[in-house]
Amino acid sequence: MSSSNKSGLAKFWDALKSFQSKVAVALSVVVLFILYFTVFAIVAIVAKLLGQDFLHPGQPEPVSYWLKREPVEHALEAFGHQF
Amino acid sequence: MNILGISCFYHDASAALLQDGKLVAAVEEERFTRKKHCTDFPKGSIDYCLKQGGITVDQVDYVGFYEKPMLKFERILYTTLATWPRGWSSFVRSIPLWLTQKLQIPAIIRQETGYKGKILFVEHHLAHAASTFFVSPFDEAAILTVDGVGEWATTTSGFGRGNHLEVTREIRFPHSLGLLYSAVTAYLGFEVNEGEGKVMGLAPYGKPVYRQQFEDVIDIRPDGSFKLNLDYFAYHYGVEMFSGKFEQVFGPRRKKGEPLNEHYNNMAATVEAVLEEAMLALARDLKKTTGARYICLGGGVGLSSCSNGRILREVPFDDIFIQPAAGDGGTSVGVATYINTMLLGNPRNYVMRDAYLGPEYSDEEIEAYLKQNGIAYARLPERELIETTARLLTEQKIIGWYQGRMEFGPRALGHRSILVDPRNPQMKDIVNERVKHREPFRPFAPSALLDKSPEFFDCNVASPFMLLVADVRPDKRDVVPAITHVDGTARLQTVTREENGIYYDLIAEFDRQTGVPVIFNTSFNDKGEAIVRTPEDAYKCFAKTGMDYLVMGHFLVSKDGLR
Chain A
1 MSSSNKSGLA
11 KFWDALKSFQ
21 SKVAVALSVV
31 VLFILYFTVF
41 AIVAIVAKLL
51 GQDFLHPGQP
61 EPVSYWLKRE
71 PVEHALEAFG
81 HQF
Chain B
1 MNILGISCFY
11 HDASAALLQD
21 GKLVAAVEEE
31 RFTRKKHCTD
41 FPKGSIDYCL
51 KQGGITVDQV
61 DYVGFYEKPM
71 LKFERILYTT
81 LATWPRGWSS
91 FVRSIPLWLT
101 QKLQIPAIIR
111 QETGYKGKIL
121 FVEHHLAHAA
131 STFFVSPFDE
141 AAILTVDGVG
151 EWATTTSGFG
161 RGNHLEVTRE
171 IRFPHSLGLL
181 YSAVTAYLGF
191 EVNEGEGKVM
201 GLAPYGKPVY
211 RQQFEDVIDI
221 RPDGSFKLNL
231 DYFAYHYGVE
241 MFSGKFEQVF
251 GPRRKKGEPL
261 NEHYNNMAAT
271 VEAVLEEAML
281 ALARDLKKTT
291 GARYICLGGG
301 VGLSSCSNGR
311 ILREVPFDDI
321 FIQPAAGDGG
331 TSVGVATYIN
341 TMLLGNPRNY
351 VMRDAYLGPE
361 YSDEEIEAYL
371 KQNGIAYARL
381 PERELIETTA
391 RLLTEQKIIG
401 WYQGRMEFGP
411 RALGHRSILV
421 DPRNPQMKDI
431 VNERVKHREP
441 FRPFAPSALL
451 DKSPEFFDCN
461 VASPFMLLVA
471 DVRPDKRDVV
481 PAITHVDGTA
491 RLQTVTREEN
501 GIYYDLIAEF
511 DRQTGVPVIF
521 NTSFNDKGEA
531 IVRTPEDAYK
541 CFAKTGMDYL
551 VMGHFLVSKD
561 GLR
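Protein sequence lines, in the order shown, are assigned to chains A and B. The opening residue of the first sequence carries number 1 in the numbering used here; numbering runs sequentially from there. The opening residue of the second sequence carries number 1 in the numbering used here; numbering runs sequentially from there.
Source of the hints: derived by calculation from the structure; they are not laboratory data. Don't take each hint at face value.
To be verified - Cβ pair distances, simulated, as ranges:
hint, chain 1, residue 1, chain 2, residue 2, range
1, B, A376, A, V23, 34 to 42 Å
2, A, A78, B, D475, 25 to 33 Å
3, A, L76, B, R211, 45 to 53 Å
What the hints assert, rightly or not - Rough simulated footprint, nothing fancy, chain A against chain B, three-plus residues with beta-carbon under 8 Å:
hint, segment
4, 90-96
5, 114-124
6, 268-278
7, 352-359
8, 382-389
Unchecked claim - Calculated lysine-lysine pairs in the DSSO-like style (CA-CA distance at most 30 Å, straight line):
hint, chain 1, residue 1, chain 2, residue 2
9, A, K22, B, K43
10, A, K68, B, K102
11, B, K256, A, K17
12, B, K371, A, K17
13, B, K245, A, K22
14, B, K287, B, K35
15, B, K43, A, K11
16, A, K68, B, K227
17, A, K22, B, K198
18, B, K397, B, K245
19, B, K245, B, K256
20, A, K68, B, K287
21, A, K17, B, K227
22, B, K118, B, K198
23, B, K287, A, K48
24, A, K17, B, K527
25, B, K36, B, K102
Every residue gets a Cβ at the ideal spot worked out from N, C-alpha and C, and that includes glycine.
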């Protein structure tokens with residue numbers, strides 16, 4: 001195979017990858033849109049109806065906004081987790 | 001025992017290597033990619049750390065990552081639910097990144113490095129706390145970490161003693177001093193995570209006239225805890241930092257490139273005053289609750305040198321420690337020290353006395369580069385090099401100064417610096433016009449001999465990392481006008497021979513020739529660029545800007561000698 005053919009194929013492959021990437025982005029937006037306006041919508045609406053505030057779950061002391069932290073367990077295993 | 005700390009995928013990606021408890025290397029990835037505040041996986045940084053430690057990745061005992069990704073993802077999901085349906089734009093932008101990158105950390109680390117051992121995840125603010133306390137010179141200290149946000153926490157406080165630290169309290173997202181400051185940074189037309197220092201520099205040109213209106217924006221309690229009124233903000237659900245209400249109350253935002261005016265100056269002054277008030281309240285409460293003699297600060301807000309200076313002056317702590325990469329870049333050090341000390345129980349045996357933890361290039365390597373590129377140079381003995389450089393400074397030349405190991409953190413501390421004479425009142429404008437191309441309101445900083453700095457600055461402690469703002473003594477403001485800000489202050493770096501070597505000798509020689517033990521020091525880069533790392537980076541920056549001379553190792557290069 002000549003180098004010009006290789007170059008042509010490489011160009012075609014790059015264009016294909018670029019096209020695929022754009023399709024993937026568009027598809028992911030569609031999937032996320034569906035997810036956001038179905039699953040998230042239901043949970044968010046139910047939570048709102050039940051008075052649940054995910055960003056302010058605790059009831060801070062009236063004189064302070066500090067939240068007490070529980071002591072950390074200093075075991076290697078616990079730190080192997082991503083949560 | 002080799003522990004590699006990694007921080008990446010948010011801003012200021014970095015890596016650090018701890019060997020038997022000693023920090024042998026730490027560097028930000030931006031220095032390798034040349035992209036400022038680079039977020040990429042720190043491959044270049046890791047390769048450098050391993051090389052500096054003389055090991056391969058197979059000899060690394062533990063790799064530590066600077067946060068717990070699933071906890072952060074939990075925060076993203078909860079925020080999405082809490083702000084539905086306003087959070088769509090943020091959701092569609094962030095989720096693909098999380099699914100393809102941020103939730104794949106172990107796989108990415110193994111794929112990029114070939115590492116097969118144990119990977120540990122340390123909470124973001126624990127990493128900040130460890131990054132300041134465990135490398136501090138203090139055996140006991142109060143610890144305060146303040147930044148934008150980690151997993152959930154935005155502010156934490158605690159106490160460290162010996163090999164142990166405990167973080168006992170926290171304030172959680174969306175209430176964040178860092179994000180408040182960033183929101184005003186965006187309002188003023190500067191880039192978030194980049195322009196906060198500009199706001200700090202702008203603040204002295206204004207007055208905090210909006211402090212009363214800010215009572216409705218943030219409620220600060222006497223114990224320093226605080227709560228934001230989220231009606232003013234949009235960062236928790238959108239791509240903007242502040243909401244329409246913020247502009248209704250404070251007027252339209254400054255668009256990028258628009259001229260600054262009194263209103264914007266006053267906004268900068270107000271948010272700076274609010275930040276300092278909150279930081280002072282936090283520090284005072286910590287003093288009261290811990291009784292500690294010392295305080296260690298961590299997190300991006302720890303780079304706020306004005307509030308650091310005020311804490312030192314106004315809260316009765318004997319001293320303060322802030323490591324040079326107080327922001328997210330420093331968490332690679334934090335996670336490594338946390339694993340070493342807290343999890344493995346190894347004793348602390350390292351104090352960060354200087355920031356010179358990055359790559360260095362020998363005279364042979366520098367000369368090879370100069371020769372290969374046909375660059376004319378003179379090789380001078382050290383004493384002659386120092387005397388010549390000091391003389392050139394007195395002749396009002398702009399000098400690129402490149403020596404030894406590169407600094408860790410955002411400040412140039414005399415190893416990758418641009419130096420000029422601080423006595424010339426025009427020098428700030430000259431450096432801006434010819435080299436740095438920065439906004440004219442931003443101040444430049446001084447490096448001063450520690451033993452003589454109290455003659456010029458109202459600061460009686462060491463400030464080796466340029467993280468304290470001090471008053472320039474009134475009778476000296478006309479002596480060093482180029483580094484004296486409009487409010488009579490300066491962001492000071494103190495220099496000792498033990499820690500700074502040839503840089504100390506240069507300032508001492510400048511002092512001998514002029515009677516001024518202070519030099520104007522700014523980072524070796526052009527606007528928007530990362531600080532230079534290699535001789536090639538340094539030469540390219542020198543060649544394209546208006547610097548007059550470049551001193552690299554023992555070599556002197558003149559602009560006149562350029563081919």
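Status of each hint after checking the structure:
For the pair A376 of chain B and V23 of chain A, the supplied restraint of 34 to 42 Å is violated, since their beta-carbon distance comes to about 55 Å. Look at A78 of chain A against D475 of chain B: about 58 Å separates their beta carbons, and that is not inside 25 to 33 Å. Between L76 of chain A and R211 of chain B, the C-beta spacing of about 48 Å keeps the proposed range 45 to 53 Å intact. Evaluation of the coverage hint for the segment 90-96 of chain B: fulfilled, as 4 residues show C-beta separations to chain A shorter than 8 Å, against a requirement of three.
Requiring three or more residues with a Cβ within less than 8 Å of a Cβ of chain A, the coverage given for the segment 114-124 of chain B holds, as 6 such residues are present. Coverage of the segment 268-278 of chain B by chain A is violated in this model, with 0 residues showing a Cβ closer than 8 Å to a Cβ of that chain against a need of three. Counting residues of the segment 352-359 of chain B whose beta-carbon sits less than 8 Å from any beta-carbon of chain A gives 0, not enough to reach three: the coverage restraint is violated. Only residues whose C-beta sits within less than 8 Å of a C-beta in chain A count toward coverage, and the segment 382-389 of chain B has 0 of them, not enough to reach three; the restraint is violated.
Our distance criterion of 30 Å between C-alpha atoms is met by K22 of chain A and K43 of chain B, whose separation comes to about 27 Å. For the given pair, K68 of chain A sits about 28 Å from K102 of chain B by alpha-carbon distance, which is consistent with the 30 Å threshold. Only pairs whose Cα atoms come within 30 Å are accepted, and K256 of chain B paired with K17 of chain A is rejected, the gap being roughly 35 Å. As the CA atoms of K371 of chain B and K17 of chain A are separated by approximately 43 Å, the hinted pair breaks the 30 Å bound.
About 36 Å separates the Cα atoms of K245 of chain B and K22 of chain A, which puts this hinted pair outside 30 Å; it is violated. Straight-line distance between C-alpha atoms of K287 of chain B and K35 of chain B comes to about 40 Å, which puts the hinted pair past the 30 Å bound. For the given pair, K43 of chain B sits about 29 Å from K11 of chain A by alpha-carbon distance, which is consistent with the 30 Å threshold. Between K68 of chain A and K227 of chain B the CA atoms are separated by roughly 16 Å; this keeps the pair inside 30 Å, and the hint holds.
For the hint linking K22 of chain A to K198 of chain B, the alpha-carbon distance of about 37 Å lies beyond 30 Å, and the restraint is violated. Taken as a hint, the K397 of chain B and K245 of chain B pair is broken in the structure, with Cα atoms around 50 Å apart against an allowance of 30 Å. Pair hint K245 of chain B plus K256 of chain B holds up; C-alpha atoms about 20 Å apart against a cutoff of 30 Å. As the CA atoms of K68 of chain A and K287 of chain B are separated by approximately 18 Å, the hinted pair is consistent with the 30 Å bound.
The hinted pair formed by K17 of chain A and K227 of chain B fails the criterion: a straight-line CA distance of about 48 Å is larger than 30 Å. Taken as a hint, the K118 of chain B and K198 of chain B pair is broken in the structure, with Cα atoms around 41 Å apart against an allowance of 30 Å. Proximity of K287 of chain B to K48 of chain A is assessed by CA-CA distance (about 41 Å); at most 30 Å being required, the pair is judged violated. Taking the CA atoms of K17 of chain A and K527 of chain B, the gap is near 35 Å; set against the 30 Å cutoff, the hint is violated.
Taking the CA atoms of K36 of chain B and K102 of chain B, the gap is near 20 Å; set against the 30 Å cutoff, the hint holds.
Checked against the numbered hints given earlier, this structure breaks hints 1, 2, 6, 7, 8, 11, 12, 13, 14, 17, 18, 21, 22, 23, 24; the rest are met.
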